[in-house]
Every structure is written in structure tokens, then in C-alpha cells.
Amino acid sequence: MPNLSERKIPVPEQNPDERKKNFSEVTLGYTPEMAQKEAERCLNCKTMPCMSGCPVNVKIPEFIQKIKEQDYEKAYAIIHQSSSLPAVCGRVCPQEKQCESQCVRGKKGDSVSIGRLERFVADWHMENCHFPVKKPEFNGHRVAIVGGGPAGLTCAGDLAKRGYAVTIFEAFHVAGGVLMYGIPEFRLPKEIVQKEIDHLKLLGVEIMTNMVIGKVFSIDELMEQGFEAVFVGSGAGLPRFMGIEGESLVGVCSANEYLTRINLMKSYQEGYDTPVLSSESVAVCGGGNVAMDAARSAVRMGAKKVYIIYRRSENEMPARKEEVRHAQEEGVQFLTLQNPVKILGDENDRVRALVCQKMELGEPDISGRRKPVPIPDSCYELPVDTVIMAIGTSPNPLLRKTTEGLETNQKGCLIVDESMMTTKQGVYAGGDAVTGAATVIMAMGAGKSAAQSIDEYIQQKRTKQEE
Amino acid sequence: MFRIIRKKKLNASVTLMEFDAPFIAAKVKAGQFVIFRVDEQGERVPLTVADSDPERGTITLIFQVVGQSTMKLNALEEGDSITDLAGPLGMPTKLPEQAKKICIIGGGVGCAIAYPQAKSCFLQGMETDVIAGFRSKEIVILEEEFRKNCHELIICTDDGSYGKKGFVTDALKERIEQGNQYDAVIAIGPVPMMKFVCEVTKPYAIPTIVSLNPIMVDGTGMCGCCRVTVGGKIRYACVEGPDFDGHQVDFNELMHRNGTFHQREAECRLLAQADQL
Ligand SMILES: Cc1cc2nc3c(=O)[nH]c(=O)nc-3n(C[C@H](O)[C@H](O)[C@H](O)COP(=O)(O)OP(=O)(O)OC[C@H]3O[C@@H](n4cnc5c(N)ncnc54)[C@H](O)[C@@H]3O)c2cc1C
Ligand code: FES
Chain A
1 MPNLSERKIP VPEQNPDERK KNFSEVTLGY TPEMAQKEAE RCLNCKTMPC MSGCPVNVKI
61 PEFIQKIKEQ DYEKAYAIIH QSSSLPAVCG RVCPQEKQCE SQCVRGKKGD SVSIGRLERF
121 VADWHMENCH FPVKKPEFNG HRVAIVGGGP AGLTCAGDLA KRGYAVTIFE AFHVAGGVLM
181 YGIPEFRLPK EIVQKEIDHL KLLGVEIMTN MVIGKVFSID ELMEQGFEAV FVGSGAGLPR
241 FMGIEGESLV GVCSANEYLT RINLMKSYQE GYDTPVLSSE SVAVCGGGNV AMDAARSAVR
301 MGAKKVYIIY RRSENEMPAR KEEVRHAQEE GVQFLTLQNP VKILGDENDR VRALVCQKME
361 LGEPDISGRR KPVPIPDSCY ELPVDTVIMA IGTSPNPLLR KTTEGLETNQ KGCLIVDESM
421 MTTKQGVYAG GDAVTGAATV IMAMGAGKSA AQSIDEYIQQ KRTKQEE
Chain B
1 MFRIIRKKKL NASVTLMEFD APFIAAKVKA GQFVIFRVDE QGERVPLTVA DSDPERGTIT
61 LIFQVVGQST MKLNALEEGD SITDLAGPLG MPTKLPEQAK KICIIGGGVG CAIAYPQAKS
121 CFLQGMETDV IAGFRSKEIV ILEEEFRKNC HELIICTDDG SYGKKGFVTD ALKERIEQGN
181 QYDAVIAIGP VPMMKFVCEV TKPYAIPTIV SLNPIMVDGT GMCGCCRVTV GGKIRYACVE
241 GPDFDGHQVD FNELMHRNGT FHQREAECRL LAQADQL
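These protein sequences, in sequence, are chains A and B. Heads up, the first sequence is in our numbering, so the first residue is 1 and it goes up one at a time. Heads up, the second sequence is in our numbering, so the first residue is 1 and it goes up one at a time.
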């Protein structure tokens, strides 16, 4: 029976006072009954507007139909045709800007909670389906993947299924990219990412960690070693700083550093050696997911006061709505329309305050967002002991600098053609390394298309050789 | 996993370890470093490579036991393995073109890094002088190795218990005033030592390269933790360094930044000592 309620079924969450003290997942996910009821809100529109909002065109009404029929495994199979990482995307996709923004139900009331349904299906699959994975037969061709983030993992999985011998070269001591080092445990349990990685290993994908390509091997050397194509999914990990006075003081760090220490190096857990700043009051500069993750991590690390400093208003914040709400519930204070101008230190060069200037919204700029303009004489000192910069990242120049023929645009992003081939023959790229910092689903989608192109490229080469 | 194939105690607090790491051994050049992690709970710690043997596929690390991670590493024996070793990272040392006469200065455990520099310069046929400074006689390391790889070796001790009494800066000044014309000086050691060496060479306009040791996490340029100010600009020591023009480095800032986790490090040491009791 269709559910005509204008409101979506709420999802159980850990209570804010409780979750502030732990790193366990905040959103607990739908039960089968809740998923059923929410699925019944889907009108199964013929035109499928939601699908057009999905960067990888998951057949959304079809999988929701299967939930209605309680055929969860089929629902999973439908999602999996288009997305390799449903358990991850169901948790971290900005659905309100994608599929859910197009949902007809959203015109009057809430849109169908597509993300939560996706997560439900993926979790159900992980819990209940344990099919033995069969390693596909080797087709005689080897492909190297540089970087084990969502783009690299997806590309590796798709190629392995087609019989390629795939090796992932990952710079860190574990694969997973941002899913492991950036996005915190309370939003994306690392166990889920690890399961995806373990699944790839069963498919025969080899993962070599501690391999910084450009240093230990160049891309050309990989080709000489017999890899017929290379996929570069090296992300956009280079953090930006603001260039303001005081950024080298003790107590200023990038969100990447703060989050890596916590997530990847597990400094929040007893028994792990990596230290992290212990802070009383923290200012996080920025308004994206990264800023929210850093602020919410700081709360959990015991900071008494945590501020988000953002120069536009809350409406313009690029972070997911849910993240903003969660941060607010956890006591993070939002100082919007304020711009950090200077960081002040004490006699030991440790941060003591952030000087902020108040802003107001002026005319829209090229991005269409109203441009913040400083209000004269509005600077004030915000007493903090830690400043975390979360104002964006760009691709690491390491590979470009060490690979002849690999070209980038002005922003340092690798240039690719429609087939995702870079300016170097046989070298493909996708994900944040090409787009600049974007989303998991886009990186995943890029990995998928690149796998398709790499397959065509190698098959064509083979046919030519046989002729 | 990376196996320890040789362990040798160089003095009471400095240990040499040779690791099986063929990929790194094949590539590493003087001045580059690796990041190690002892076990699954371990932190990522940078160490400059002291020596390498591409044929045997090994690299040598020399470290002073100063904190939790080096204590853990030091507790391992030949045949044991560590979980991670990533490298070679950073840029190889770049000497001024056509440099003919070089002075290499090592302070304490910094000699471990000064040594591959001396070896590399010496093998390239440069006239290589080495000034190695230690607190006292008991902690002198690598004397034999240096002797084989330089023209003149001057050992200084702070207390005069061995070699010349005094600091490396005194010895350097003396050498310069005696008329030795160095095309470059390479200084590797504690931050204050490098700072003072730079102050000595500056009036003579001798290009001085220092190897910086800021705190690091990834070692690939993605956290910014290792940032140092050189010539007024922020540089990432892990990718653009660890070597920089010493006359441009803001040493005071580096000293402060290196103290970020001092409190916690001191606590760890106390805990570890308590464990041993
Ligand atoms: C804190 C944070 C929160 C985020 N939250 C969200 C969210 O909620 N929703 C969302 O959709 N997106 C989010 N994003 C963005 C999303 O995570 C990225 O867009 C996505 O991970 C990009 O995937 P990728 O595979 O291109 O690169 P990455 O995930 O960055 O992976 C790149 C990998 O390549 C490795 N590598 C780099 N250089 C080399 C080299 N030379 N040799 C070998 N390996 C190398 C890196 O170590 C890394 O493992 C977030 C990002 C951050 C930082
Ligand atoms: S150590 Fe992270 S950027 Fe250098």
C-alpha cells in the first residue's frame, strides 16, 4: 500500500549527548519495516527524475520496487549494476543535491529517502549474503592502478571481473583513500571500507601498499614492467592554507592532518602511538564536509568549544545538510559571515586566538552565490588554541612532475579525453585527480568508465597485434 | 612486512638497522628518507636513509632512541619485521654545480645522515672534509665509515674527551680561516647546530645546505604537517625537502613546531620507563 505521508520515515540516530563522546556511527540505519514503509512512499514515476539526478544513473525506482517486494538481494543487484560501493555511497553521497533533489515527492513534503534505502539494501547484503567469490580467469593482460581511493578501487574491481590481473599501488599503508583517512568512523565505519577492499582481494586484485608512485616507480617504469595500461586515481590530497599571518604557529593544522591522525592513525583509540593536538577550543575554517568532519571529530576528542568559521551564510555551505544538522546538535557553533584574517600566538608560538572579520553578502559572483564582502572595522579576537584549515585541497603535483607527457590544467588537475585517457598513451585517470575535490560517487563513476575504456583499449591493441 | 637483517648498537642510544627493502634500495639517493611504522598501532615516522645496497636489496637506517616509536623499533632483533617502510621520499641532495670542495658537518645522530652525503661526494671525486661533533667520546659513531669516505675528518667533542674540544662551528670557522675554500657546506644535526653553522657560513657567502627534520605524517605532501618557512615562503619538507638553503630557513619556527607534541612524548617516555621497571 502506498505511503502518502509527506514526511520521510525518520532514521534512528545515536543521541547527540551520547555520540559526542564516542566515534561509533551516528546514523543507525533503517530496519526492514522502516525501509518497507519508506519504499512505499516512492510513486515509481515513469519518467524516473531521480535517476537523472544520480551521477551514475542507479535505477532507483527499480531497486525501491524490489524493497517493496522484500527482495533485498535483487534490490542490491540492481544498485550494484551502476555503483560498486553502495554501502559507502548510501552513507556519504550528498543525496539532497542529487537524486533526492529531483524526487517528485519533494515538491510537497520530503523526497523519498533514497540514500537511506540504498544504505539499508547494502547493509542487508553485507549482513546476509555470503556467496563465495570466484576469481575470474586471467585474460593475459596486466593493469596498474595508482591510488586506492574509490576511483582506483572501482576501476580495479571492474577490470578484475573482466579477467585482468590488476595491481593497486597505494602510497599509504592501507588502501581506501579518503574513505580511510578522511571521512571519520562515526560517519563511515572503516569496517565497511575494509570489506570492500577484502572483496577485491578475493577477485584477485593485488594491493601493494607503501608504494609512492613517482618515487619508488615512475609511471613509465610501471609500463616497462609489463602493465599495459595505468589508471591514475591519486585524488586531490594537497591541502590549501589561507596564506594569512600566523599559519605556522603551533596549533594550526590542515583538516587533512587532523583527520588523518584521528582516522587513519587512530589516535583516538587507546594503544595507538600517533599523537593529535589536544584542544580546549577549536576554530575550523571552512564550510564543506571536510570542515564538518574536522569539527565533529574535535568535539569527540574532548574540545569544550568548537567553532565553524565560514565567510558566507549557512545557505551557501557546501556541506551536506545532514552533516550541518549533526554538527549543530553536537554543539558545534557556527560563526557564519566571518572571515579569518590572522592567527595570534603566545610567547611560545602557540595559538591563542583567531582574528575574524565580519562579512555581509553582496552581489552574486560567477558561481552564482552572493559574494561576501568585509564589513569595515569589524575584526575581533576569538580565543582558541587550535585552528584547523578546511578550505579545500588540490591534486598532488608529484605524478605530473615525475611523468613526462602527463599534462594538467591550471588547477593541477590531470587532463583527460572522453575515454578518460590522459595526455599520455595508455595512461587513464579519474576521480579527484581529474575533477579536483569532488565526491565519492563521482570518483566511483569515473573508475567505472575508465575500466570500460581500458578494456576497449587493450582489446583493440590485441586485435591489432593479431592482425 | 620488512625484515631486519642486521642490527648493531652504535652507542648507548643509537642503533643501526639494515632492512630488506629491494624497491627502495634500487632507487634511494643521498638525502632521501623513508617513513616507517613498526606495527599496526605504530605511528608513521620519517628517517633519512643512511646507506643502501641495491645489489643486496637493503637499506640502512640509523636512529637515536628518543621516543615511543624508536623505542619500539629498537626492541626488535635481527629476523624480526616491521609492518611498513615507504620510500624513497623527498628530493635527493643537490649540490651547487661544479662543486669541488665540500665540508660536511654532522652533529650527534645527524652523522648518520651526514655519512651518505660524505660517501656520495667522496665517490664523485670531490674534496670532502667532514666535521663530526658529539657530546663526548662514548657516543662517537661511524668514525671508521667516515674515514674511508673523506679526505679530512675532524671529530669534535663538547667536553674534549675525544678529538678536538669544542663545537662543530668552532672547527668550521677555523677551517675556513685557514684558507679552505668550500664550494658548499652541508650541515645535518640538531636544529640549533644547523642554525649556528649557517650563521658561520653566511658572512663568507658559502652555500649551506641543511637537512630539516620537521614532524611528518604521510610524507607525500598531503597533510602540510611538515611545513617550514624558507625565504619567507611555506615549503613542504617531505616533498620539496628535506634539504633547503640554510641561509633562508626560519629555524626558530621549526624548533617551536617540532615541540608540538613534546608533552605527550615526555609522558610516553615515562610510561615506557615505568614498564621496564
Ligand atoms: C574529510 C572529507 C570528507 C568528505 N566527505 C564526503 C562526503 O560526505 N561525500 C562525498 O561524496 N564525498 C566526500 N568527500 C570527497 C571524497 O572523499 C572524494 O571525492 C573521493 O574520495 C575521491 O576519490 P579518489 O579515488 O579520486 O581519491 P582519494 O580518495 O583521494 O584516493 C586517492 C588515493 O591515492 C593515493 N595516492 C596519491 N598519490 C599517490 C601516488 N603518487 N602513488 C600511490 N598512491 C597515491 C592516496 O594515498 C589515496 O589513497 C570527502 C573528502 C574529505 C577529505
Ligand atoms: S608530511 Fe604530510 S605534507 Fe609533508
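No wet-lab data here; the hints were simulated from the structure. Each hint should be verified, as a subset may be incorrect.
To be verified - With beta-carbon atoms standing in for the labels, derived distance ranges:
#1 E466/A to R56/B: 20 to 30 Å
#2 K29/B to K135/A: 58 to 68 Å
#3 K401/A to R135/B: 36 to 46 Å
#4 E6/A to E267/B: 51 to 61 Å
#5 V341/A to E267/B: 34 to 44 Å
#6 K148/B to E418/A: 51 to 61 Å
#7 N252/B to E314/A: 34 to 44 Å
#8 E127/A to Q263/B: 25 to 35 Å
#9 D39/B to K135/A: 29 to 39 Å
As the list claims (entries may be wrong) - Calculated cross-link-like contacts (lysine-lysine; reagent style BS3-like; alpha-carbon spacing at most 30 Å):
#10 K29/B to K401/A
#11 K195/B to K94/B
#12 K342/A to K233/B
#13 K148/B to K424/A
#14 K72/B to K266/A
#15 K107/A to K37/A
#16 K411/A to K94/B
#17 K100/B to K148/B
#18 K135/A to K401/A
#19 K164/B to K101/B
#20 K74/A to K304/A
#21 K195/A to K134/A
#22 K107/A to K190/A
#23 K72/B to K100/B
#24 K29/B to K424/A
#25 K401/A to K233/B
#26 K137/B to K72/B
#27 K401/A to K195/A
#28 K424/A to K201/A
#29 K401/A to K94/B
#30 K190/A to K72/B
#31 K165/B to K119/B
#32 K8/B to K201/A
#33 K358/A to K233/B
#34 K119/B to K401/A
#35 K190/A to K161/A
#36 K119/B to K164/B
#37 K148/B to K165/B
#38 K266/A to K190/A
#39 K371/A to K101/B
#40 K164/B to K8/B
Remember, it's a predicted structure, so these values are computed and weren't measured experimentally. We put the beta carbon where it would ideally sit given N, CA and C, even for glycine.
The hints, checked one at a time:
In this structure the supplied range 20 to 30 Å is violated for E466/A paired with R56/B, their Cβ-Cβ distance being about 43 Å. K29/B and K135/A have their C-beta atoms about 39 Å apart, which leaves the hinted 58 to 68 Å range violated. K401/A and R135/B have their C-beta atoms about 41 Å apart, which keeps the hinted 36 to 46 Å range intact. Distance hint check: the CB atoms of E6/A and E267/B are about 55 Å apart, consistent with the given range 51 to 61 Å.
Checking the proposed 34 to 44 Å range against V341/A and E267/B shows it holds: the Cβ atoms sit about 36 Å from each other. Remark: the range hint 51 to 61 Å for K148/B to E418/A is upheld by a beta-carbon distance near 59 Å. Restraint check, N252/B to E314/A: a C-beta distance of roughly 40 Å satisfies the suggested window 34 to 44 Å. Under the hint 25 to 35 Å, the C-beta atoms of E127/A and Q263/B, about 44 Å apart, miss the expected range.
Remark: the range hint 29 to 39 Å for D39/B to K135/A is upheld by a beta-carbon distance near 30 Å. Proposed proximity of K29/B and K401/A is supported: the alpha carbons are some 18 Å apart, at most 30 Å. A threshold of 30 Å between alpha carbons decides the hint, and for K195/B with K94/B the separation of about 20 Å falls inside it, so the pair holds. Distance check on the hinted pair: K342/A and K233/B sit about 17 Å apart at the alpha-carbon level, within 30 Å; holds.
Taking the CA atoms of K148/B and K424/A, the gap is about 46 Å. The hint is violated against a cut of 30 Å. Distance hint between K72/B and K266/A is fulfilled; the C-alpha atoms sit about 18 Å from each other, no more than 30 Å. Proximity of K107/A to K37/A is assessed by CA-CA distance (about 19 Å); at most 30 Å being required, the pair is judged to hold. Between the alpha carbons of K411/A and K94/B the distance comes to roughly 28 Å, so the proposed pair stays at or under 30 Å and holds.
Simply put, K100/B and K148/B have alpha-carbon atoms about 18 Å apart, close enough for the 30 Å limit, and the pair holds. For a cut-off of 30 Å, the pair hint linking K135/A to K401/A is broken: about 37 Å separates their Cα positions. Between K164/B and K101/B the alpha-carbon distance is near 22 Å, which keeps this suggested pair within the 30 Å criterion. Simply put, K74/A and K304/A have alpha-carbon atoms about 47 Å apart, too far for the 30 Å limit, and the pair is violated.
As the CA atoms of K195/A and K134/A are separated by approximately 16 Å, the hinted pair is consistent with the 30 Å bound. Between K107/A and K190/A the alpha-carbon distance is near 36 Å, which puts this suggested pair outside the 30 Å criterion. Distance restraint check for K72/B and K100/B: the Cα-Cα separation of roughly 42 Å exceeds the 30 Å cut-off, and the hinted pair is therefore not satisfied. Simply put, K29/B and K424/A have alpha-carbon atoms about 27 Å apart, close enough for the 30 Å limit, and the pair holds.
Only pairs whose Cα atoms come within 30 Å are accepted, and K401/A paired with K233/B is accepted, the gap being roughly 20 Å. With a C-alpha separation of about 26 Å, the suggested pairing of K137/B with K72/B holds against the 30 Å cut-off. For the hint pairing K401/A with K195/A, the CA-to-CA distance comes to about 34 Å; that exceeds 30 Å, so the pair is violated. Pair hint K424/A plus K201/A holds up; C-alpha atoms about 29 Å apart against a cutoff of 30 Å.
The hinted pair formed by K401/A and K94/B meets the criterion: a straight-line CA distance of about 17 Å does not exceed 30 Å. In summary, the hint linking K190/A to K72/B is supported, as the alpha carbons are separated by about 26 Å, within the 30 Å threshold. Straight-line distance between C-alpha atoms of K165/B and K119/B comes to about 25 Å, which keeps the hinted pair within the 30 Å bound. The suggested pairing of K8/B with K201/A is violated, with an alpha-carbon distance near 38 Å, which exceeds 30 Å.
Annotation: proposed proximity of K358/A to K233/B holds, straight-line Cα distance about 28 Å (limit 30 Å). A hinted pair counts as satisfied when its Cα atoms are at most 30 Å apart, and K119/B with K401/A qualifies at roughly 28 Å. At most 30 Å may separate the alpha-carbon atoms for a hinted pair to count; K190/A and K161/A meet this at roughly 24 Å. As the CA atoms of K119/B and K164/B are separated by approximately 23 Å, the hinted pair is consistent with the 30 Å bound.
Between K148/B and K165/B the CA atoms are separated by roughly 23 Å; this keeps the pair inside 30 Å, and the hint holds. Note on K266/A and K190/A: the hinted pairing holds, with a Cα-Cα distance of about 11 Å set against a maximum of 30 Å. Taking the CA atoms of K371/A and K101/B, the gap is about 58 Å. The hint is violated against a cut of 30 Å. Our distance criterion of 30 Å between C-alpha atoms is met by K164/B and K8/B, whose separation comes to about 27 Å.
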